[in-house]
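Q: Keeping their order, the protein sequence lines are chains C and P.
11 is the number of the first residue of the first sequence in our numbering; add one for each residue after it.
-9 is the number of the first residue of the second sequence in our numbering; add one for each residue after it.
A portion of the hints provided could be inaccurate.
The calculated label-pair distances, taken between Cβ atoms and stated as ranges, are [what the hints assert, rightly or not]: (1) Leu14/P - Ser126/C: 31 to 37 Å; (2) Ala166/C - Gly153/P: 17 to 23 Å; (3) Leu156/C - Ala114/P: 25 to 31 Å; (4) Pro71/C - Val133/P: 39 to 45 Å; (5) Glu135/P - Ile128/C: 27 to 33 Å; (6) Asp31/C - Ala115/P: 48 to 54 Å; (7) Ser52/C - Ser131/P: 21 to 27 Å; (8) Ser131/P - Gly41/C: 23 to 29 Å; (9) Pro181/P - Ser52/C: 31 to 37 Å; (10) Ser143/P - Ile178/C: 51 to 57 Å; (11) Arg184/C - Ser131/P: 15 to 21 Å; (12) Leu119/P - Ser126/C: 48 to 54 Å; (13) Gly186/C - Gln130/P: 48 to 54 Å; (14) Trp152/C - Pro181/P: 29 to 35 Å.
Far from chain C by the CB rule (all over 12 Å, computed), these chain P residues [as the list claims (entries may be wrong)]: (15) Val(-7); (16) Leu(-5); (17) Ala(-1); (18) Leu0; (19) Gly4; (20) Thr77; (21) Arg88; (22) Gly100; (23) Glu135; (24) Ser143; (25) Ala144; (26) Cys155; (27) Asp157; (28) Gly187; (29) Glu192.
No lab work stands behind these hints, which were simulated from the structure alone.
Using N, Cα and C, we set each Cβ at its ideal position, and we do this for glycine too.
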Amino acid sequence: MSDVESSEGGSSMKPLVPGWDLALARLVLAGIFGLAAYTKISDPQSFALAISSFDIVQQLPGLDEASAEAVIGWTAYLMAWVEAVCALALLLGFWTRAAAMVLFILLIGFAGAMLSVIARGMAIDCQCFGKLDFFGDGEVTWKSILRNVIFMAVAAPVMVRGAGGLGIDTWWARRGESDGS
Amino acid sequence: MMVVLRAFALLAIGIGAGAVHHVLGPDISLGIGANAPLPESEQGSSPDGDAQQADPAPVDPQPDQDADTQADPAQVVTPPPAEAPLTYNDLSEEVDIRGARLIYEMMEAGNAAIIDARRADEYAAGHILGALNITPLQFQSGVPEEVEFMDPSAPVMIYCQGGSCTDSIGVGQKLRELGFQRLHVFEDGYPAWVEAGYEIEEGGP
Chain C
11 MSDVESSEGG SSMKPLVPGW DLALARLVLA GIFGLAAYTK ISDPQSFALA ISSFDIVQQL
71 PGLDEASAEA VIGWTAYLMA WVEAVCALAL LLGFWTRAAA MVLFILLIGF AGAMLSVIAR
131 GMAIDCQCFG KLDFFGDGEV TWKSILRNVI FMAVAAPVMV RGAGGLGIDT WWARRGESDG
191 S
Chain P
-9 MMVVLRAFAL LAIGIGAGAV HHVLGPDISL GIGANAPLPE SEQGSSPDGD AQQADPAPVD
51 PQPDQDADTQ ADPAQVVTPP PAEAPLTYND LSEEVDIRGA RLIYEMMEAG NAAIIDARRA
111 DEYAAGHILG ALNITPLQFQ SGVPEEVEFM DPSAPVMIYC QGGSCTDSIG VGQKLRELGF
171 QRLHVFEDGY PAWVEAGYEI EEGGP
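Model the full assembly from the supplied sequences, consistent with the hints where possible.
A: So this is what it looks like as structure tokens:
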């Protein structure tokens, strides 16, 4: 199934409000991850410290301290930019399902990291949105994981069905239909 | 299948952009294994000449006996001989046990503050005598009350558990944003202080 098919609902899935529910979900996700990416890109040092405080990379086998620091540094930059690219794609409604899929997988990873922190009894600041305090950002607790699950619930229909209204994918699909008719 | 390929393409674009930013952007220093230097600051920034006049007189790094009388004698040992006299101007943003001792003595004289950035239960189990307990999380709900009463121009030493602990860095960042200039991270943290046999106390804030 391609983006085009899913954006238009193919022939099997028709939203109650054609396209606009998906557009809203897409734009909400774009806003959340765009803001998160902006704070991380503008202050990669803080984001790297946040990653470091999870104490996950340092526990990886075969990594000495210098290697762990390098991995964390690269992770901070790469993760922030992947979020930024996906947020932009969602904003434009371009390759929407693919962008939502990447963010969905990232959210699973974040939730796993949070579970690890809780399981180890650590009390650390999530800093999931950099210096900004959004959506109850603060100490990693079960509420942090619940928040991630909610984000995943928003991302899932976009990942499955596509851009909805006001998206390049949708515009492209309609253009293809009109050309074909 | 197309969606997966596009997902990989988005990943590749993001990774490429991140790699370029990493190469061109600021270096990240975490100091894993020893607490990191405070970011966006000048390494080894000792007070300038004007500030030096406001500093207390150089303090001998050797712990004096009067200070030791405050501690449990069982926990106090004779510190190793100093290699050379240490003054505040010799300190960088990362301080070792000698620097920590120096700032402790400045705190005793009312010219510095020490912050324990660990969790409240860890602080209650034992901390440097006279240290305040301020954690990164406390800044989530605004400026902690203790910070409001602190002098931003006075030296402040922050410590946590040493090792890979980054709470001291987190507190240092917040304090720097609030205008504190003479921030020092005790890189080996509380375990090194205990190991040296210096003054500690138990109990909550």
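Q: Hints first: check each against the structure and report whether it holds.
A: Okay, the hints, checked on the actual structure:
| no. | hint | result |
| --- | --- | --- |
| 1 | Leu14/P - Ser126/C: 31 to 37 Å | 32 Å, holds |
| 2 | Ala166/C - Gly153/P: 17 to 23 Å | 39 Å, violated |
| 3 | Leu156/C - Ala114/P: 25 to 31 Å | 30 Å, holds |
| 4 | Pro71/C - Val133/P: 39 to 45 Å | 41 Å, holds |
| 5 | Glu135/P - Ile128/C: 27 to 33 Å | 29 Å, holds |
| 6 | Asp31/C - Ala115/P: 48 to 54 Å | 52 Å, holds |
| 7 | Ser52/C - Ser131/P: 21 to 27 Å | 23 Å, holds |
| 8 | Ser131/P - Gly41/C: 23 to 29 Å | 24 Å, holds |
| 9 | Pro181/P - Ser52/C: 31 to 37 Å | 35 Å, holds |
| 10 | Ser143/P - Ile178/C: 51 to 57 Å | 55 Å, holds |
| 11 | Arg184/C - Ser131/P: 15 to 21 Å | 49 Å, violated |
| 12 | Leu119/P - Ser126/C: 48 to 54 Å | 35 Å, violated |
| 13 | Gly186/C - Gln130/P: 48 to 54 Å | 49 Å, holds |
| 14 | Trp152/C - Pro181/P: 29 to 35 Å | 31 Å, holds |
| 15 | Val(-7) | 5 Å, violated |
| 16 | Leu(-5) | 8 Å, violated |
| 17 | Ala(-1) | 7 Å, violated |
| 18 | Leu0 | 6 Å, violated |
| 19 | Gly4 | 3 Å, violated |
| 20 | Thr77 | 30 Å, holds |
| 21 | Arg88 | 23 Å, holds |
| 22 | Gly100 | 31 Å, holds |
| 23 | Glu135 | 18 Å, holds |
| 24 | Ser143 | 24 Å, holds |
| 25 | Ala144 | 25 Å, holds |
| 26 | Cys155 | 9 Å, violated |
| 27 | Asp157 | 8 Å, violated |
| 28 | Gly187 | 27 Å, holds |
| 29 | Glu192 | 20 Å, holds |
Hints 2, 11, 12, 15, 16, 17, 18, 19, 26 and 27 from the list above are not met by this structure, while the remaining hints are.
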